[in-house]
Amino acid sequence: DAEITQSPRHKITETGRQVTLACHQTWNHNNMFWYRQDLGHGLRLIHYSYGVQDTNKGEVSDGYSVSRSNTEDLPLTLESAASSQTSVYFCASSVGTSGIIEYNEQFFGPGTRLTVL
Amino acid sequence: GQNIDQPTEMTATEGAIVQINCTYQTSGFNGLFWYQQHAGEAPTFLSYNVLDGLEEKGRFSSFLSRSKGYSYLLLKELQMKDSASYLCAVRDQENTGFQKLVFGTGTRLLVSP
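Protein chains in written order, with my numbering: chain R, 1 to 117; chain F, 1 to 113.
One chain only, chain F, in its complex shape (with noise of 0.2 Å):
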């Protein structure tokens, strides 16, 4: 089975750093996505991880490490566009050798000035 954990919601500061954090349980991983969604609106990619280590994307960083099942979205400089729920999925191959999308249920962010 599937299991994808990460909180439900945080609060930031304007100019500050926030982590995100994700933990996973999965018979079949291969890969890892983080997902932007605003309220209202439909998800859009940001990142993706496959091997260990950090992928850095302007003021988004992204880290895994498999052995732990855990990842982290890192948002610097926080904007107050920023506010959106962030949505952890995990790359899950069948017994089949097809492969899906499993989400988490969200991290909604809130920036305040």
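Excised from the complex, chain R in its bound form (with noise of 0.2 Å):
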């Protein structure tokens, strides 16, 4: 069956320390999602790419980059974690042309809880 899974599902990193958080989904889907979940904040959404070579920035882009170099794989690199960037990370996908979002749903990942010391 088709899905999306998200690696490692927990991580306790340093501040300071560059991390990575892996992303994998096998619908085919050209667009992919990362957010951050905080109490009190909701979803809130970090990067996201209509397809393979594009990103785009989110609301709260900051501190993070994305890449895309095939359609499978979005990961979501901190650069230089800090501990305001402790949250839960959830990653998504849905079906869309190149450079817009259809009105299909979003399809979750599982979810990776980063904990930055």
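What the hints contain is simulated information worked out from the structure, not anything from laboratory work.
The beta carbon of each residue, even a glycine, is placed where N, CA and C say it ideally should be.
Please note that the accuracy of each hint is not assured.
Claimed, not checked - Partial pick of chain F residues on the chain R-facing surface, computed with a CB cut under 10 Å:
no., residue
1, PHE33
2, GLU41
3, LEU87
4, LEU101
Could you use the hints to bring the two separately framed chains together as a complex?
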């Protein structure tokens, strides 16, 4: 069955370290997204991609980067982890032509709980 | 800018009906989604409204009034497994033409026996 996976599921790191969170989907979806979820804020968009080699900044992109070298993967990198980046990170994907989010729903991965000490 | 409001927490009894409201302000509205999220799990899609009116899906229904910037999710015949957070999300179209989902903070529903 097609799915969307994230790894690791839990990560503890230290301030200043570089961290990469993996996201892999087997639906062949064009659109992929990274969100963070914090108490009192709901899900906030970090970065998104409408296809291979396309990446765009979301509302909370500072300190994060992504790359899209194939359809299946959108890794999220924290360049220099900060305590403010302690959060639960969700990757999502949806069907869509390049540049436009279709009305189709977004499918979410299981999440990665990141703690920055 | 965008603003989405929903109650933080609600409680209800098994077998009852509960209505979770969502109000929104957005410059480029293009649809409203409801997601369910159990504790420690990923959000899962429940419903989608883009036109005014009621959409029914089994025990769950969702209503939209675009002129009032208002939606509600109606859960009937509540079951214990319905205890979860319910996220309202608005699809907002930016000036560039691109669209994105903006999420509310979620309503935590606790169903008691």
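Do the hints match the structure? See the list:
Taking 10 Å as the C-beta cut-off, the interface hint given for PHE33 of chain F holds, the closest approach to chain R being about 6 Å. Given the 10 Å rule on beta carbons, the hint for GLU41 of chain F holds: about 7 Å separates it from the nearest Cβ of chain R. Look at LEU87 of chain F: its Cβ gets to within about 7 Å of chain R, closer than 10 Å, so that hint holds up. With a cut of 10 Å, the hint placing LEU101 of chain F at the interface with chain R holds, because the nearest CB-to-CB distance is about 7 Å.
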